[in-house]
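Residue numbers (my numbering), protein chains in the order written: chain X, 1 to 265; chain U, 1 to 795.
Just so you know, these hints were derived from the structure itself, not from any lab.
Just so it is clear, the structure is predicted and the values come from calculations on it, not from any experiment.
Do not rely on the hints blindly, as some may be mistaken.
Keeping only pairs whose Cα atoms sit at most 25 Å apart, straight-line, the calculated DSS-like set for lysine-lysine is [as the list claims (entries may be wrong)]:
(1) X:K137 x X:K61
(2) U:K782 x X:K232
(3) U:K17 x X:K44
(4) U:K782 x X:K39
(5) U:K17 x U:K782
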Amino acid sequence: MYDFAYHKPASVADAVKILAADPDARPISGGMTLLPALKLRLNKPTSVVDLSGIAELHGVKREGDKLVIGALTRHVEVATSAEVKAAIPTLAAMAGTIGDTQVRNRGTMGGSVANNDPSADYPAALLALGATIQTDKRKLAAEDFFTGMFTTALEVGELVTAIHIPIPTKAGYAKMRNPASRYSMAGVFVAQTAAGVRVAVNGAGNNGVFREKAMEAALTANWSPDAVADVKVDPGLLNGDIHGSAEYRAHLVTVMAKRAVIDAG
Amino acid sequence: MNVVTPFEGIGASLRRKEDYRFLLGRGQYVDDLNRPGQTHAVMLRSPHAHATIDRIDTAAAKAMPGVKAIFVGEDMAAESIGGIPCGWQIHNKDGSPMAEPMHPALALGKVRHVGDPVAVVIAETKAQARDAAEAIVVDYTPLPAVSSTEAAVKPGAPQVHEAAPGNLCYDWHIGDKAAQEAAFARAARVVKIETTNNRLVPNAMEPRAAIGDFDSFSGDYTLYTTSQNPHVIRLLMGAFVLHIPESKLRVVAPDVGGGFGSKIYHYAEEAIVTWAAGKVKRPIKWTCERSESFMSDAHGRDHVSTAELALDDQGKILGLKVHTLANMGAYLSTFAPCVPTYLYATLLSGVYSTPVIYAEVKAVFTNTVPVDAYRGAGRPEATYLLERLMDVAAAEAGLDKVEFRRRNFIRPDQFPYQTPVALQYDSGDYHSTLDACLETAGWAGFEARRAESKARGKLRGIGISTYVEACGIAPSAVVGSLGARAGLYEVGTIRVHPTGSVTVLTGAHSHGQGHETTFAQLIADKLGVPTANVDIVHGDTAKVPFGMGTYGSRSLAVGGSAMDKAMDKIIAKGKRIAAHLMEASVEDVEFERGTFRVAGTDKTKTLTDISLAAYVPHNYPIDEIEPGLEETAFYDPKNFTYPGGCHICELEIDPETGRVEVLNFTAVDDVGRVINPMIVEGQVQGGVAQGIGQALLEAAIYDASGQLVSGSFMDYTMPRAGDLPDVGVATHVTLCTHNPLGVKGCGEVGAIGSPPAVMNAVVDALRDYGVRHVEMPATPQKIWGIVNAHRLAAE
Ligand SMILES: Cc1cc2nc3c(=O)[nH]c(=O)nc-3n(C[C@H](O)[C@H](O)[C@H](O)COP(=O)(O)OP(=O)(O)OC[C@H]3O[C@@H](n4cnc5c(N)ncnc54)[C@H](O)[C@@H]3O)c2cc1C
C-alpha cells in the first residue's frame, strides 16, 4: 500500500467537495475491492474518502412500487432486509450469495455498482429490473450507467448515492460460479416488469454485463424454462479463461437462463 | 502424586492441548516474533520465466528513505556463499550422477523462473523496502522458456541450465526389464493408460517467513523460520551455504501454520536474511506474501506417465511397465530427486502381488518454480496411476473391479512381502480394509442410488481405490544407499523433573499434527504421568539435541519410537534407584505406568519418589548411578512403515453444467496402532480434502511463456468446506512389526488413497458416455466438454 491521506466526511456534499478538489482521490465504501487493489499497489490514490460516516447513504426503503436502496447498504443488509425479501425475494437471495460472510458484512451495493466488475452479481439484477442509479448530481438508467467492463457513466468524483429499483412481477436468478474465485462465470437474471421482460447476463460477456434480447423475445412469447432452452448465445460475444471457454460460457448462459426462469416461478 | 484419570494413554481421543492457544489466536508464529532493532526485507523477484540479467542499478533505490542495504547475487558470490544444496543424489541408468546445476540464493546472471529472487532490499519498514524494490532497475533480455514437462524433452527445447543438456536431470530406472518383457510376451491382455498428475501449489495457511539475527559480540547467528525441520536447515544452510559451524548457528521453528511438505526445504530467503543480518548487524524479517508463495514455495506432483499392465486370462497381473517424466522445476529443491524415484516407483506394486515391474523415470528441468514433496510425495502419483490402471484393466478384461483387485491382493499370509521394486512390506490386511469399506460405503446398494439420481437428471458414480504407502522414513543405511545425503533417524530426550513432571525434547516438528497431545499420550501411557504435566519441546536447535523433522508420516513411527527407547532407559535407571530405595535386587523390580514394585510384594515407589531421589540424592547409590533422571535416544528405523487401506467415493455430476459434487467419502485405513483416534480422523480428513482438491479442483497452470496463470486464489481453486462431504473415517489395525509402538503413520494416507477413488467415481458416473479416462482435475469445464462431445457425436 502506498501512503495516502484519509478523510471521513459526514455528508455527501462534503465528500463531493473533497473529491472535486483532487482528481486522484478515491471514495471507499466497503473496501472489499479497493483495499486489495491498494495492498497489491495496483492503485495509488492521493487520498481516500471514507463514505461510511454518511448517514444519508444508508438503508432500504419502499417508495410506492419501488425499492430505494442507499449506496452504502451492505450485502448482508440486502440479504436480510424484510423489505427486499417481500418485494424482490430473488434480489435478497442474490445478495446472500455474494462472496463470503466477511465480504457481505463489508461490501456495499453502491461500491459494487460503481465498480461494475463484469463478474459481479448486482449489475445483472439492476439491468434486468430496469433500475435507476442515483448519483450526487443526476439519475441514470442502469442501461446507460453500465458502459463496459469495469466502466460506468460516473464522472471523476461523482458518487452513487442510491439505487431505485421498480418492483417486478416476477424475477429469478441463477449463476454458475467460477470454481476458484466464486464470482459468477455465467449468471442470468430474468424479470417480468412493467416495462416488459428483461434478461441480463453477467460473468460471460466480453464487454461486461449485457441484455440478452433473443431470450427476452422468447420469454415474452412464452414465460417458461423451455422457451429459453433452445436460445443459443453467440460465443463470439463472450470471454474465455482457464475456467471456462467462450463456448462453455455460451452453453452455461442458456442453462442458467432456464434455471433463472424456474427460480422466478 | 501422578494419577492418570481419566485414561489419557494410547487409544484415548484426548482433545488437542495446543488448540487452546491456536483457537484463541495466541500461537506464536515467525511473523509474530519481533527482534529488538529489527529491519524488514523484501525480495525483488523476476517477472520473466527465463532471461539474462544484463544490468542491475540499485543506486536510486539505495538512496531512498529507510534503506539499510540492497544485495544482489554478485554480493553473495563475492563472499563465496554457496548454492542452495540438494539433499538427495540420484544416479542415471549408466551409473553416472544426476545433473545438479548450481542454485544461487540470489540469481547470478540469469533468472530461470518467474519469482526467482534477484535482489534483497533491507529497510527500516516493510513499506520502505517495497518502495525501494520498485526503484531498482533491472535490464533483462528475455530468453525462450520451457514450462511444460513434455516440452522440456522435445528436441530443440530451450535449455534451462548449461550443465543439464536436453534439460535432463536424470534418466533412472528400477526393476527387471527383461523379466517384464518376458511377462508381457506371455500376457493374454495388455492394458495401457497415459496420464498427467496435475501440478499443485501447497498453500499452507501460514505463508513462509524468516528472521535472521546476528549477535556481533558472540558471533552467533539465529534464524527463526517456518520450517518442518530446523536441524536440517541448520545442517544444510550452515555447512553448505553460509559456512557457519553448528555451534554458532541456532535455528528456531516456532508455531508453524501448516507445511504439507513445502516447509521441509531449505529456501534461499532463509540464507539471505541470515547472511544479510551479519552484514547490516541488525535483525532482518522477511514474510512472504500470498502471491509470492505461489511463485516461490516448492510445488508438488507434475508427472506425465504411461503405464501398461499385463494380465493372464484369469485376470491375474503378470507384470507392470511404467514410464514417467517428472518435472523438477528450475532448480533442484532439497528432496526433489527422490520423490519420483524412491518415493514413487518403489510403490508401483501397490497392494498387489505383481510379480515383475519395470519403471523408467526421467526428471527434467523447466522454467517453473522448483517441484518437491507435497503431502504424500510420490506415493499419490504411484497410487493414482496404478488405481486408474486397475479400473481400466478391469473394464477391458470384463472383470468386476472389486473382484479384480481382490484376486490380485497380497494375502495376509504373504507378509513380510518382498515386492519387485525394493520394498518389503511388513504387515497389512487388504481384504479386511476392503470389506469394511465396501460395507460402510454401501457399495452393494449403489445401482439403486444411481437410478434415483438418473431420474433427477444427474449422473451418479462410485469409485474405489485400494492402496499401500511407505512412510515412517527411513532406515539411514537404506536411504543412504539410495542417494540420501543425510540419515533419517529421530531423536528423543525424556527429562523427568525432580517432582515427576516431564519435558520431552523431540526432533520431530508439529505444524498441525497435534504432537503436543499425541506425544504426551505416549508418556502418559508408559510412565503414568498425566498429559497436563508433560511438555513437548520441539523446533529449536538450541534446546533439542538433534532431529530430522517431520514429513513422510515419520513423527510418531520414528520420533515416537525414539521417545519410547528413551523411556526404556528412564525405566531401567529408575528400577536401579527403586531397588536401592526398597532394598531389593534390580531384577525383582517391576514397572508399570508410574509405579515401581518389588515383584510379588506390596512394596512400591512412584516415579515421583524416584525422580526426587535422583535429584536429591541423599539416600542414593551415588557410587553406581549418576544423579538426575534424563535420557536421550536416537532411533533409526529398521524399515519403512506401510499404512494402507481402501477409499470409496460416491459423487454426482450435473451433465448440464459439468459440476461434480462429492456426496460421500469413506476411508478405512490401516495406520497401525492408533494413539489418538480423534487426531487420526482429523489427519485422514485433511488428507482426503487435499486429495479431493487434486482430483476435482486444483491445478498450477503455466502458459507457454512460463507465466503462472493460476497464480492467486482468484484462479487457483483451493478446496472449500462446501466442496467436501463429511468424510467417514474408520481404522482396521495391523501392527507394524518393527517399531516398538506398532505404529505406521496417518499424515499422508488421506492424500494418497483418495484421488483415484474420486477419479474412478467420475469415470464411473460417465460410463454411459463410453469414457475410459478423465484427467485431473475434473473441472466443470472439462466434464461438460466430455458430455458435449458425446452429445455432438450422437447427433
Ligand atoms: C473474496 C471476495 C469475493 C467476492 N465475491 C463477489 C461475488 O461473488 N459477487 C460480487 O458481486 N462481488 C463479489 N466481491 C466484490 C464485493 O461484492 C465488493 O463488495 C464490491 O465489488 C465493491 O463494494 P465495496 O463497497 O467493497 O466497494 P469499495 O471496495 O469500497 O469500492 C470499489 C470501487 O468503487 C468506488 N466506489 C465505492 N463506493 C462508491 C460510491 N458510492 N460512488 C462511487 N464510487 C464508489 C471505489 O472508489 C472503488 O473504485 C467479492 C469480493 C471479495 C474480496
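For each hint, the structure was consulted:
Simply put, X:K137 and X:K61 have alpha-carbon atoms about 21 Å apart, close enough for the 25 Å limit, and the pair holds. At roughly 20 Å between alpha-carbon atoms, U:K782 and X:K232 fall within 25 Å of each other, so this suggested pair holds. About 46 Å separates the Cα atoms of U:K17 and X:K44, which puts this hinted pair outside 25 Å; it is violated. For a cut-off of 25 Å, the pair hint linking U:K782 to X:K39 is broken: about 34 Å separates their Cα positions.
Restraint check for U:K17 and U:K782: not satisfied, since their Cα atoms lie roughly 44 Å apart, outside the 25 Å limit.
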